[in-house]
Structures are given as C-alpha cells and as structure tokens.
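Line by line, the protein sequences give chains A and B. Going by this note's numbering, the letters in the first sequence line up with residues 1 to 533, in that order. Going by this note's numbering, the letters in the second sequence line up with residues 1001 to 1488, in that order.
Don't read these hints as lab results, they were simulated from the structure. Wrong hints could be hidden among the right ones.
Stretch-level coverage of chain A by chain B, calculated; a stretch enters the list once three of its residues show a Cβ under 8 Å from a Cβ in chain B [claimed, not checked]:
1) 64 to 75
2) 141 to 153
3) 166 to 180
All residues carry an ideal CB built from backbone N, CA and C; glycine is no exception.
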Amino acid sequence: MNLLTAVLFLPLAGFLIALLIPRSAAQASRVWALAVSLVTFVASLGLLAYFNRSLAGPQFTVDIPWIPTPDIHFHIAADGVSLWLALLSTFLTPICALISWRAVQKSVKEFYAFLLLLEFGLIGVFLAQDLFLFYVFWEVSLVPMYFLIGIWGHERRIYAAVKFFLFTMAGSVLMLAAIIFLYTRAGTFSYPELIDMLASGRLTFAPGEQMLLFLAFFVAFAIKVPLFPVHTWLPDAHVEAPTAGSIMLASVMLKMGTFGILHYCVPLFPAAARACAPWIATLAIVGIVYGALVALVQPNMKKLVAYSSVSHLGFVVLGIFSFTQFGMDGAVYQMLNHGISTGALFAIVGLLYERRHSLEIKDYGGVATVAPWLSIAFLITTLASIGLPMLNNFVGEFLVLQGAAIANFSWAIWAALGVIFSACYMLWLYQRVFYGEAGQEVRAHIPDLNFREWAAIIPLLAMMVWMGVYSQSFLPPVGKTTARVLEQSQVNVPYQVRNAPAHRASPGALTARLAGPLPLASATGTTEVARAR
Amino acid sequence: MPVNLMPNPGDLVRILPEILLTVFGTLLMVLDPVLRSRSSRAFGHLSILALLGSIAASVYAYANSGPAFGGMIVVDGFATFFRVLVMTVGILTVLSSYRFLARQDAETSEYHALLLFSIAGQSMMVASGNLIVIFIALEISSISSYVLTGYLRDDPRCNEAALKYFLLGSFATAFFLYGIALIFGSTGSIDLMAVRAAVTGQLGAVATPNFLGLAAALLFVGLAFKVSAAPFQIWAPDVYQGAPSPVTAFLSTGPKAAAFAIFLRIFLTAFETGDGWAPVVWLCALASMTVGNFAALRQQNIKRLLAYSSIAHAGYVLVALTAHSGIGASAAMFYLASYAFMNIGAFAVVGHLSGKGERYQSLEDFAGLSQKQPFAAALFTIFLLSLIGVPLTGGFFGKFYIFKAALESHLVWLTVLGLLNSAVAAYYYLRVLVMMYFREPSEAVNASEPLPAGLSAALVVSAVATLFLGIFPNWVLDFAAQSSVLIR
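With the rest of the complex left out, here is chain A (with noise of 0.2 Å):
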C-alpha cells in the first residue's frame, strides 16, 4: 500500500459506499462525490510533491500477485507520462462533479456512482505495468461511459453508447488475443519485464509476427483515439453524451489509446511501429485536415469541438510517430492540452445548453451580451484551442510540429493546415454564438456564470495560462520519459546527435528552444537522449 494505491482505489470505494446512499438523497450523492473526488485530486497532488523529476522509469511501484496461473499481478506504477495523465483523471473528475450539479436531475445517485467508476478505470489504465490488468481496467473503464452516455445523454443516445461499447469493444478483442500470445511468447505479462526482455534479447518476434501483434495492439489504440478511417463511433457519442460524459471521453478516454500507442505499441513493437510510421503519420494528417474541415461545417456545437478532437488527437499521433523526443513530447503535452481545452469546451458548451436547451449554433448569438463572463471564458478557450502563444496547445502542436519537420518537412506543412483551418472554424463559432443581435430565447434564458460554475471552470482557464506560459513545470518529467520510450524504439537519427550542441539547456524549455535556430534546434531532445546513454 502506497500512495498510488490510495489515489487509484478511493474513486472505487467512493464508488462503493455511493451505491449505498439512498435514492432520494441526490444532494448527498452529489456531495459525496465531489468530496471523494476532490479528496482523490488532493492524494494525487501528493503523489506529484513525492515524484523524483529526475528519474525515466516508473515510480511508486505497487507490485502484488494476483493469480498464480497464468502469473498476473496487481502491479502499478506512475513514469513521467502517466503521473501526469492520471492527474489529469482526478483534475478533471471533480470539475465534471460540478458541471452536471443542476443538468443531472434523473437518477442521480446512479450518476456520482458511475463517474467515480469511471475515474477508477481510468486511472488504472494509465498505471497498470502488467499488460492483462492494463486490459482489465481498459474494459472496465467502458462500462461506466456506456451507461453514462445510454442513461443521460441526448436523443440518440442509445444508438452512440451502443455504437461506442461495440467499436471499443471489436478492437479490443484482437488486442487480448495479442496480449494471450506475448504472455505464450515470455511467460509474463509484465511490462518492465517485457521491455527488459526485448533489449536484453531474451524475446523476439519474427518481422511478421511482430507486424500482426503491433496492429492487433494498434487497431484497439486507434479505434480509442480515435484515428481518422475508425473515428465515426466519436461524433456519435460526443453529441449525444451529457456534459460530464464528454468530458471524461474526450479528456482522457481518448487518451487512453495515444497513450496506450506511446506505452505499448511504440516500445514493445519498434521495428513495426517504425515501419507503419509513415503509414500512420499520413492517416493522421489526414485525421487533422479532415477533422478540422468538417468541425467547419457543423451546425451543432458538440459536434464541432468533436470533430475538433479528431484534428487535435492526430498532431498527437502525428507527433509519436516522428520518432523525436521533439514530437514525443509535444504528443504527451499536446494530450494534457486537449484534455484542458477541450474539457473546458464541453464544459462551456455544457453550460449553455443547461440554459438554452439547444446546441445548434443558430440557435444562439449575441450571448457576449447577455454573459460576458461567459463569453470571456469561452474566447480564452478558444484561443488556447487554437494554439495562440502563451497559451497551453501553442507549446504542444509547435513541439509536434518540429518534431514532425525532423521527420518529414512535408507532414510538418500539412499538418500545419490543421492550425489554420481550427482558427478558422472556432472563431468562426465564436463569432456566430457569442457576437450579434441577442434574441429573445437568449436574453431570455442565458443568465452570466454562478459561483459554482466559475468553480468549474477557473482551474481549467488557470491551467491553460500555466501550461501555456511555464511549461517547464510539466514537461521535464515528461522528457525523460519520452527519451526512454525513443531509446526502447531504437530508431534516432544518428546524424542529429553529431549536429547538436552539447550545452543546450534540457528540452521543455520553451524560450531555450524559440532562441536556436530552427532546424537544428531540434537537436537538443537527441542530446537528452544521448546523455541517457
């Protein structure tokens, strides 16, 4: 027992002791699970105050057997990427807590119940090091988002969280059978186990052995990206979720599978992930234009900032598959981000729909004067959606970006599209929503933020600045990961490392990075790696 234990297993015991609080005390389950979420976030913080920024490996390790045979363990631990995506887990949880306080009114105990499970399996998809309880805690966190989206949500609900369980579900098949067969292969399901075993020789796949199991692993990832020719099951379920719902789902379900491609596929499969790189860079880039192209047209709010995340989480895959500690560490920055971001955009989003009972954008306009603390809060958003500097998604898609015009100057050029085309479609709603003549049904019905809306939304607005302006205090933890996960894949650049000057300060450093001249200031992540060798 540790703190890691107690951050993953109070949203399950608050999850527990919900289902006993009586029906008709919804005030009480919705208290309950603000406390225990906000008591999650306070332990979580703790975990950051005890975690040694100067380490690469997994931190916090949690290592007890579970069953004997097959050997599975209930093995946990945090490195510098999942420290951060769990944090983000139990950030975002109490603010979900918040937001659906009043839109929530039917079975509401049910509802606390769900979203801390939720938070649960979440969490422990980010920290499982033992690949059949990653799967586990991968399924089980699919449960509570269908029912969150079947039972609350809009319209067609039933259709999206049917269609949501069935797609995750169909990929994440093949991803077990990929799993049973490394276990027939090593005889563990451990991942440092696995990862030792791969560098020290001891395991091997033949080329095309290691082909089927990177995509078996990847199809699961990509489906939960979700990656542009499988990413139809995302609109469907952004619109029809509730608020809390979206949140959670884009924040940090989807996280799960560009983590999940960063953690498993890149450092267990190289030599295919390196293979399919191009492959899947041009899938992405195709995901970032196409997402952003058709985030321009839509009439429905959600919809938008749906189609938004398609074109966002493919700079992240983008950014993986450059195979530099600049694109790595854009990619994990730029999952942060988009959690943030386009946490906060549904939120907001949410917000105006508990008021005006509609997303569709003509149905709004004018509401800056009506609610300007609002609409202040939404164009801050909106600009850090779009990658304004000092704010937090310029540092992430810039770091991708670079990373991608190491790679291939010619993604960076198509990827940088996307930038363009989000300015686009998300001043473009602002104008539509926020500007003009307000109408009746929006004076009428639009009343400014409260109290406990401001609460939800200040953190995730102070976080936007704080990433944006000091990403130092995020992304060393994160660089020494990434450097570990690129050495694990073996596929650096050696004529980068040759170029780079050796005092250069350690990546993350925004303004050291800004100073350097372009192309070769992208040395300096391949230094980092070169001194951890």
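Position chain B against the provided structure of chain A, taking the given hints into account.
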C-alpha cells in the same frame, strides 16, 4: 476384468451422492400426500436438503476417492468438480422455482423428484469410466429432463418443447448407443481405460480401425446434440423457449455441464491420442459460436436469445476441447462453472419477470426494469456483463483461459475468430441492457412483484459466485487444473 457383484462399503461411499438423491427423490413422491396438505414449500426445502446432503456426500466420496464397482464408477477430482457443480445448479434451480411454481399453481412433488433424479443421473454420468454406465446415467438424466420440460402441461408451448426435446434427444441417444456398440465391437471393451489401451495399440493392432473412427464420430454426434453444438443445435431454441424458465436455466447449465464432462472424459481419455477428431471439433466450435451469436442478434424473445447465446457458449467450450490439452480441459471446467452461475442467474431474472403463464418473454418487457427493480436489474447486469466477457467477472476469465489454452495449442485462427465472435455477441447482450436501463418501464415491469426471498438468494449467490470467479479465479482453477490431470 473381475467385477465384484457384492458391493463393499467403500464402493457404496463412492456412490453415496447418487443414493442420497434417489432416496430423497423417492421419498418426495411417497410423502406427497402428507406434505401437500401442510405446505407446498416443503418439497423445495426437502430437495435443497437432499442436494446439500449430496454435496457433502460428494466431498466425502472425494476424500475416499478411487474406482468403485470394478471401475464402473471412478471418483476423482474431475468427477467431484462436476458433481458439486450440477448439485449447486440444482440448489439454485430449486431456489428460483419456489415463487415461479406458486405463480403457475404447479407446486408438486414430481417437479422436485424429477429434478433430483435428473441430477442423480448427471452425477453418476460424470463419475463413470464405463460407457454403458455413462449411457444409463445419461438416460436417467435425459428422461427426467424431457418430463421437466413439459412440466406445465396446460401450456401448448411447453408440450411442443417437450416433444421436440424427447424426439431429438432420443435420436442423439441412439447415435451415442450405436457408437458404444461399435466401440465394443472393435475393441472388445466398454471400459474407457481398456478402450484407450486398444486405441493406442497396447493390445496389438485394432481389428477394425475404421469402425473405431466411426464410433468416435457417432459418440461425437450424440454428445454434440446434448450440448447443443452446431450443426446439432436446432432443438435448443424451441426447447429453451418452451420449457418453464427455471427448467430452462437448469437444462442450459446442469445437463450441459455433465454432457461436456463426459465429452472431456471420453475424448481426452479413450481417444486422447487420436488426432482425427480435432479438425471436426474445430469446425464444430467455430460453427457453434458463429451460428449462436449471429442468430441471437435478431431475437425478440429473451429466452430464445439466451438459447442462442447458450449455443455460442457451447462453442467457446468446444474451443477449449479443440485445444486438446490439460490446460484446455481445466479451462473448459472453469468456463462451465462460471457459465452455470451467470446463466442460472440470467434465467432466474427472466422467470421472475415472466409473470403468470410466462406471458412476458419479449425483450421489450424488460424495458425500464432498472427504475422499478434496481436490485434485480443490477444483478442481471452483472450476469450480462459476464456473458459478454467483461473483466472482473467469471465469464471473462473463462474466455481468457479458453483462448489462452487455444493459443498455446497454436490455434491462432480459432482464437481470433472466437474473440471476434465475442465482440459480435456483445451487441445482443447490450440490447437487454439498453432495455433495462435506457427505456421507460413496460407493462411487464409495472406488473412485476418484488423479488421473493428464494429467488433473491439464488440471484445473490449466482452474482457473488460470478464476481468471485472473476476476481479470485485461481481457487476454482487450481482444483480444475489438478483434476484435469487425473482424468487420464
């Protein structure tokens, strides 16, 4: 082989469970007039007592394990596993029958006596190493089941189901018996060990090897009928739909588990060395999974849906059988145990909601169950998630072990196709969840009565067992792994 016709005490101990069940079954019928005037619930109490007693007797017999009656009965871990399983299934069936029978005004001693006889047959069947004893026990079990299927004699669906079950079941039995005859003809023995010796050539070349292959095929057909594996599954949907719900719950778990037990015993004992049957089982497994899952997608009747799902699950167990290994056998045993709990639980909820004369059987009738009866809906959710194969339930670990065994035997394609099948299956189980949670209450739900005590007990036991098997599977699995070694 010398057969001692005078039973000695050791032999009697080893068939004590069957003796107990038969005595209690007879007693029930004899005491019928006395008990009926007092309380009709007494039949149920007495059968539970009998079943608990016979579980204790099975454990006691296991403590004195070994062959009895000159090898006709073999009490080993394998037999004990299935004995306890079918008796537990019996207890859960009785528990969920109390209120069901009262609602149909059909509380009689025959019902419980037949149930006990059927279980006695299954218990004998799994503990036998002799083909003729297996056959007789199979018949005891089957004939009781035929009658149980037609138990609500005023219901035409019930009669149709019983007749179908009887006719097709008799065909299957004939196949099985013919197989035994051919085995006797070509090896000169009906004892599984002796047959194995003949097949492996320890007694010199078999005179008619073709007959032996034919015999194996006939036995396979007979057993495939009993476990409702494709392409011999046609009877299952009609019978499962027509039979009273608790009986359906029983049929799809107890006799099926016992039939799989002899399947495992015959094919992993007598024919273990033969490879000829593996491709046949491979095809049969894939066909069962595919036919069951795809047919279930479009069912509107919950009992038919679960019937097709039961065919698909038979397919999963056949995958374990195809793996043709000790791990495969233990995976099949584990799966049958977890399947028994989740399926009995599911049918118990179905029976609870069906109302008088089993009016409410359609999927629509489950609409809004979560609002009126959240507890029943929550437990049904656990069973359905387990049937889908979501982690932390017995159903997931069962599938996991089965496909692990298959991959270790290099059945990559069967594994991939089987797992994809389980993703397809998720759809129709989700339809039930959709109804229960995402729709407004139906007439059936509004008319339903609160959960009676006996049924609640059956549901809670099944749900706890399902979760327990999902979180701490190794207790059962270790026992299965040990005893699957013993059967050879």
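Structure-based check of all given hints:
1. 64 to 75: With 4 residues in contact (Cβ-Cβ under 8 Å with chain B), the coverage given for the region 64 to 75 of chain A holds.
2. 141 to 153: holds (count 6)
3. 166 to 180: Three-residue rule met by the region 166 to 180 of chain A, so holds; n is 8.
No hint from the list above goes unmet by this structure.
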